[in-house]
Amino acid sequence: MKWFLKAIRKRKVSLIAFSYLMLLVVIAVFAPLITGYDPLRIDPSIRLFNPRGTHLFGTDSFGRDVFSRTVYGTRQTLLTGVSIVGFSLFFGTFVGAISGYFKRLGSVLMRIMDILMSFPDIMLALALMAIFGRGLFNVIIAIGIVFTPRIARLMFGLTLEIRETTYIESARALGVSHWRILTHYIIINALSPIIVQASFTFAFCIIAVASLDFLGVGVPPYIPSWGGIVSEGRTYLTRAPWIMVFPGIAIVLTTLSLNLVGDALRDALDPRLRRLL
Amino acid sequence: MGTYIVRRVLGLIPAMLLVSVVAFMFMHFIPGNPAAVRLGPSATTEQIERLTEKMGLNEPVYIQFERWFWQVLQGDFGESLFFQQSVLSVIGSRAETSILLATLGMMVVVLVGLPLGVISAVRRNTWIDQVSLTVSFLGAGIPDFWLGLLLMLVFAVTLGWFPTSGFPSVFAEGGIANLRYLVLPALTLGIPNAALLTRLTRSSMLEILSLDYISTAKAKGLPQRTVILKHALRNCAIPVITTIAFTLVILMAQAVVTESVFALPGIGRLVISSVLRRDYPVLQGVLLLTAFLYLFVNLLADVAYGLLDPRIRY
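In order, the protein sequences belong to chains A and B. Sequential numbering of the first sequence, starting at 15, is according to the numbering used here. Sequential numbering of the second sequence, starting at 69, is according to the numbering used here.
These are calculated hints, taken from the structure and not from any lab test. Keep in mind it's a predicted model, so treat the numbers as computed, not measured. Cβ atoms here follow ideal geometry from the backbone N, Cα and C, with glycine treated the same way. The hints are all genuine.
Just so you have them, the derived chain B footprint on chain A, three or more residues with Cβ under 8 Å:
# : segment
1 : 129-139
2 : 224-234
3 : 249-257
4 : 263-277
So that you can see chain B by itself, here it is in the shape it has in the complex:
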């Protein structure tokens, strides 16, 4: 197991390097000279040339990449063109909203998707199954921005149960109660993904429930609870855990839309405003961090397989 983990971690290095190359090239494809963008339209040719020289943009691409990559490894993602601060601190100042939103969204996914999937598999072809299948089918087809607006229209505007938009920090006045601002966004983010998890859990549970050892367990007279939770659910853990792990990355990415609907001060909205402001270093930073997160989650999922199922060795 130890060598397996070490091998997988070492395998992460080339992947991270390649992802970085893509993110670096992204900056290079952008029309215009970054030095000119930073100085603004009023800059003289001489000023632009001087900054170009200073930023090392005249050097060969591979030397530029090498320097940039070392900086990234040291946590230096460059400076935002708009905020005049380091990219990392710009992203960091918005991390609270995004992390809380992703956590709450994840709770919706797991607490709704998993039980619903198990129940529909166990009570196959009953009304519960039909309802959950229909709902999960609908959930997968609704665009999240529209779902968010509908939830806002019903629960915030009409019923007034939740605030419509914004999110004051939990460290600000109001404390933990400020989380109520994130309830609707978390549902918006969670419901479509819960729908996917329901479908997946249902189909993998059905596959396992039809196996012989489940019949044996039932024939032994074990209570149904034990059969379902211990014998069946544990054995469909691998696909379910993979889906849950990747849902985390998907939630971080889809937050772009949700945060924009509910005007939340998170990383997602930072991405949109950076696209509109052409603040490329910030975009590059977020792009790189999400890709690293994806690779890391991929690694965790693989290690989890190894722990859950001793037969798996790559």
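With the rest of the complex left out, here is chain A:
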């Protein structure tokens, strides 16, 4: 944790990026207090209002307040993002560590990961969504499956590197069990590069989720999402460009911030492990 904060504080730009991300968390938690409007309330009398005092980001074709939809979209973005990163981190780290540690089993597991990686991200996500159908939970599983092999690949490399160190050898000589070596020696030591990768993965996830929502195969339309708002806005591109502009800016700022934080953390990393990222 100390390492984390030190790395962030080093540069002003990464500190700003980190503060922005923290702000997003606050917005997501206190969404109802921040917005004066229900994001789902339809009011045809205020259709397609341009941005003004009462409606900061304007209103959409149903008269819904775009500001409160964007604010509530933060919830969906962070919820899906954190869950996907958690999913792929959990399974990816596990698969990668086991594959790197037990070589024979590893060659089979990593082969499966390679096959999953030979399907392009968006294609695999779409195929999985076709099987699962639309839904918040299904999006998390589908994109989680897409990103798991990437984390596994990284963890595999890290494990190969770490298992050759002398402290692993001494642990083995002392009779420490394989399981304990995996969890207490290898995974612990691989944690910092994995965290760095997680921030980049988070950024990718946000774009992937927003793309699915934009294409109309992600979360159901009654959940406000950034990709979904942009998608609704494209029909009114000429008459009401603000509908797609604001949630788009939110996406860009968020992915940039995550990348900046990731860069700052990577620079603070042990150079021997940085090479693998």
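Go by the hints and put chain B onto chain A.
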């Protein structure tokens, strides 16, 4: 070299087989009986049973896989549930748009990304470098669908330089000039990937420019052009070529989003509508073809390494 290529090509076979298994299983995980889906909701139980029997869906999975795999090898990807035509002809009728779009997108990537990367490395820490780094950082963070809409808003709606959407074939009226419909989509597809290539080219060039033989070449009094283009650029060809090769696959996949933004009649939009229509054979076909393309590109990249760098032998 010959045996190396042969070995790599033979290595492709198990990979293709495994990828096919995944794509085949994908069809099996789908809820519901394919026979029932094909016949529609009004079919009787008896009709469904008869078609199930006819399609061989009662047989063990491995026999079904074997039959399906032989058909795929002969280019038969089954029949679309929606179009009542073979999957291959459905995909083929949309190939023109996708191939042209990918080619133009690739031109954007290579013509923008590569020179920008080289220039920023050579003129390190100057304003050109700063600008190109910032732009490439932004480019990597912008979601393509949003970039596409912004380009459409500025260059098509406001300025009116390009058409907003659609693409009539280049064989239709208008001929080659119809390519103007693909300019904005190609930029949408190309810019984020050009950004990635810029960053990669810059970092590999910087690594090589700091090596001793570059100093030697400069000390010999060779013109800077020769040093950069012949001595440096050639030696960072491997990572750059890998990235460019895989960009091709990425472009084919990302076209799903771009074609949807600009309403282009390509394979990408076919994928989306197939997801929505639950037209699984088409999805399976596209999935399989893109994975084969990936494996093939992987092979080409490996062979290219072998040709470029005689030290590489796996």
